[in-house]
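In case you want the letters, here they are:
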Amino acid sequence: MRRNRADTEASQARLSRRAVLLGGAQMLFIGGLAARMRYLQVDQADQFRLLAEENRINIHLIPPSRGEIFDRNGIRLAQNSPSYRIVMVRENAGDVDAVIERLGKVIDLDPLALPEMLAEIKSSPPFLPVILKNNVDWEDVSRVSVNAPALPGVTPEVGLTRVYPRGSDFAHVVGRVGRVSQADLDALTDPDQVLRIPQFHIGKINVEAREEDRLRGSAGTKQVEVNAAGRVMRELGRREGQSGADIQLTIDAELQNYVQARLSGESAAVVMLDCENGDLVANCSAPSYDPNLFIGGISSKDYNPLLNSKYRPLVNKTVQGVYPPGSTFKMITAMAALESGLIGPDETVYCPGHLTVAGRRFHCWKRAGHGWVDLQDSLKQSCDVYYYDLAIKVGIEKISAMAQRFGLGVKHDLALSSVNSGLTPTKEWKRRTRGESWVVGDTVNASIGQGDMLASPLQLAVMTARIATGRMISPRLIKSVDGVEQPFTDAPLEVNENNLRKMRRAMYDVVNDRRGTAYRSRIIAEDLRMAGKTGTSQVRNITAAERARGVTSNADLPWERRDHALFVSFAPFDAPRYAVAVLVEHGGGGSTAAAPIARDVMLQALYGGEPPLDAYPTGDRDEIKARQDRLRDVRPQARIKGSDQA
Amino acid sequence: MSYLEYSVKSVPTGLRKVLFINWPLALLLTTVAGFGFLMLYSVAGGSFNPWAELQIKRFGVGMAAMIAVAMVPIWLWRNLSGVAYGVSLLLLVAVMSFGDENKGAQRWIDLGFINLQPSELMKITLVMFLAAYYDWLPEKKVSRPIWVLLPVVIILVPTALVLKQPDLGTSILLLAAGGGLMFLAGVHWAYFAAVIAAGVGLVAAVLQSKGTPWQMINDYQYRRIDTFLDPGADPLGAGYHITQSKIALGSGGWTGRGFMQGTQSRLNFLPEKHTDFIFTTLAEEFGFMGGISLLTLYALIILFCVLSALINKDRFASLLTLGVALNFFLFFAVNMSMVMGMAPVVGVPLPLVSYGGSAMLVLLLAFGLVQSAHVHRPR
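Heads up: the sequence lines are chains A and B, in that order.
Take the first sequence: its position 61, counting from 1, is numbered 61 in the numbering used here, and each next residue is one higher.
Take the second sequence: its position 279, counting from 1, is numbered 925 in the numbering used here, and each next residue is one higher.
Chain A with its partners taken away, still in its complex shape:
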């Protein structure tokens, strides 16, 4: 097939032309590629390199171990104990369903949770462990370990959980921890990243919550290189965290345990302060609950009885509960009158059993009246009319001011939740809150700690300690943090010591004088004599009609309407060591319900263990002996100590 030479050359030329054209276009495109490469790799290099680093490096938090809590003698009240869980790593398991089925034969798995668990295993990355069962005991761990060959990918894992070895004794002091909730996070302005770790615990109430910052410590970080699937390839760097600080409380765990046992069956509160430095030696609210139940999340079966009980076990009655202080307030009214100089030390008042003020009749608790009484007698026999008279002379403002000086109506700074400031009413307060003006009847009520006057057992203990020492005792709960002793406050009370001495003398008579209201609860060990004051505060108004019929005795009333029983005391009288406030909710009379508890607690503290029977009056010893035997049975750890002492 010969061709025309000219044709051939023309087509040759065209081919060459088009080849050059196409080749040129290709080179142009290559130039474009080069330009694009330059743009990405040179012009935008910094931005992309940053993105690559972000891709590659993950920061993992290493949770710090929480500080532990001890009592004043170094007994552990809150600790971190290893807890075991069974986890599965999918990529090691092979046939997940078969392995789970075999595991179900070895340990108990919740059949209801199984489908959800399987879904979680299958949806999470193959190298991440998924929890199959939480809080398993050692026996389950052993079973899984022994059967390991049949359970590929299933391993026991150890973690730390908070444990309160003293159980319910310290629910109202140490408090408890729990899972971090959204509410916890919302409450913080700048929540620590560590709080976002799943399973991380935060203090929920009391010391655990109030000292959260010190107990938590700070998280360490681990820089790890991860691949696209999130698998950790290697560790690049690590910054160790700081464990939380260990906290030592002023509480004596043994005493606390005794008091809690002594209060069993009551709805009551006991606060004991060290008169030296304000140390809170015991702080008991009964009934209590076991904080360990809350840690993994409490079941409603356990929670509802706590919530609905009329004895309110969840409420910390020592600081959160406020009550009319009743007659225990009389020292304040007396001090206000004495300090103001409006009455002399020998002021006597005639008590006919009642006093009519502004057309309203105020009764003394003793219908027949006390006759002529002086200050000493009025406290000893708890005559109400005497204080009505003082209060009318002194006025509410001075009484409330004196109450505040003795620690009532003041919010004490204590590492407990919901510390209540109580109430010391004033004219201005009533106008502000109720829009009514103060009447003299209010003053009369307030003078004997009724009406609007409200105080917590803690405040009454502080008041007692201040009367006993003449110093500005403030309660202290944190003894030391990581071995560093925490300061306590000390200042003079700035009241006339002679007046205080009168109070103490009268309080001595309350307990030790044959006619004193707490005579039956005296201590007869000569160097440990106790001084105190009873109080019985009404929770209802006694109407005139009721009074005409004769006041119903507490025993005949339903529990909720009975009077609160109160007793404040300090001992030994000559050199006050402890101040105690006892409150028994709806317990009836202070002298019968509260004072015996105060005596037992006081002696237990003063002897540092079970007191000898000869500290008690002869007539009480059988009853005391029986109670000591009973308490020894419910406090197994005390039995050893008791026998040591005996």
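Because the hints were derived from the structure by calculation, they are not lab data.
Beta carbons are placed, not taken as given, at the ideal position from N, Cα and C, and that holds for glycine.
Just to be clear, a hint being listed does not mean it is correct.
Partner residues aside, some chain B positions facing chain A, computed with beta carbon under 10 Å [stated by the list, open to error]:
1. Glu-785
2. Phe-829
3. Gly-933
Just so you have them, the derived chain B footprint on chain A, three or more residues with Cβ under 8 Å [as the list claims (entries may be wrong)]:
4. 9-19
5. 25-34
6. 42-52
Just the calculated beta-carbon pair ranges, DEER-fashion [unchecked claim]:
7. A/Met-27 / B/His-834: 20 to 26 Å
8. A/Leu-128 / B/Asp-872: 30 to 36 Å
9. A/Tyr-39 / B/Thr-676: 28 to 34 Å
10. B/Leu-946 / A/Gln-193: 25 to 31 Å
11. B/Tyr-837 / A/Tyr-39: 33 to 39 Å
12. B/Ser-693 / A/Lys-301: 58 to 64 Å
Add chain B to chain A, keeping to what the hints say.
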């Protein structure tokens, strides 16, 4: 001029042919493949296994095959063009019935020692057949409609078969290579203008048809287009590949992060790091300098082919050489555009560098044809 018109006696014979092989071109090909070995060694975490070693062996076999093909006179290849095209077409049909499913696409026939991808073969045999066609077709008839329609059918039949697999990337490459060859052969401008206009219309229609009963391409293909247009919209989903690929490239900077120091590829942020996205590893570890070096080598290969075609007076040889070069160009241009975020992700490997036996073998066979054309050119 056709090989029938020049003295065959002027062409070197026997082993002397080896001396006339375009050795600079062979050296360029080897250097480019060397880049590939290096990167495959790197992405395997500093190991010849599983990729680099096999790739080196395959390249050795491929080079031997290239020289063997180069030894065979070019006119023999010309005479075989029709058969080669027919066989490729039959294989394409066969793959639809016997092929292995891989990632939703039927592309391979497992021949035991190699996974044969007929669409790869078709890229070369199509160019061969068209070159032979235009060598045979008298110059006057080139732009006549009936003689234009014939090559269009020759191109469209395999293109349709490949599209059916479905392999959008390769079918576009086939279309582009075939069209390029028709352009080189001298088909009138007006045809191309018309096709381009129609193409624009078709693209518009395809985009319009989304979600309608007459939808023309698969949903995943639409997603790829959407992803290309806006990779940031779904950075962890479909846009992930493009985004991560750009991060890898960009973080390379001028000189790169160093051999085997590329975090993006080593930590698996890059998809298909040993095949389609291998260029990103190169760019990450050797930076702009590494990337531009490879690009220059590619440009030189094209240049050598074009020069070889220009000095070759044989029409079939010229067209074939230019067609192979165009194919090669389309390969790397599409791949690089893809990894640099300039084109949708269509699954085209980087020639001679990406891991893969079938593609490399076919490519080296094609360069064997180029060498044969060079050795047996009329003098």
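Evaluated hints:
Interface restraint check for B/Glu-785: the shortest CB-CB distance to chain A comes to about 4 Å, inside 10 Å, so the restraint holds. About 6 Å separates the beta-carbon of B/Phe-829 from the nearest beta-carbon of chain A, less than 10 Å, and the hint is met. For B/Gly-933, the suggested interface contact is upheld, since its CB lies about 6 Å from the closest CB of chain A, less than 10 Å. Look at the region 9-19 of chain A against chain B: 8 of its residues bring a Cβ nearer than 8 Å to a Cβ of that chain, three or more, so the hint holds.
Check result for the region 25-34 of chain A against chain B: holds, 6 residues qualifying (beta carbon to beta carbon below 8 Å, three or more required). Coverage of the region 42-52 of chain A by chain B holds [criterion: at least 3 residues with CB-CB distance below 8 Å; count 8]. A C-beta distance of roughly 25 Å is found between A/Met-27 and B/His-834, which places it inside the suggested range of 20 to 26 Å. Under the hint 30 to 36 Å, the C-beta atoms of A/Leu-128 and B/Asp-872, about 32 Å apart, fit the expected range.
Remark: the range hint 28 to 34 Å for A/Tyr-39 to B/Thr-676 is upheld by a beta-carbon distance near 31 Å. Roughly 55 Å separates the CB atoms of B/Leu-946 and A/Gln-193, a value that falls outside the hinted 25 to 31 Å. A hinted range of 33 to 39 Å for the beta carbons of B/Tyr-837 and A/Tyr-39 is consistent with their spacing of about 36 Å. Checking the proposed 58 to 64 Å range against B/Ser-693 and A/Lys-301 shows it holds: the Cβ atoms sit about 59 Å from each other.
Checked against the numbered hints given earlier, this structure breaks only hint 10.
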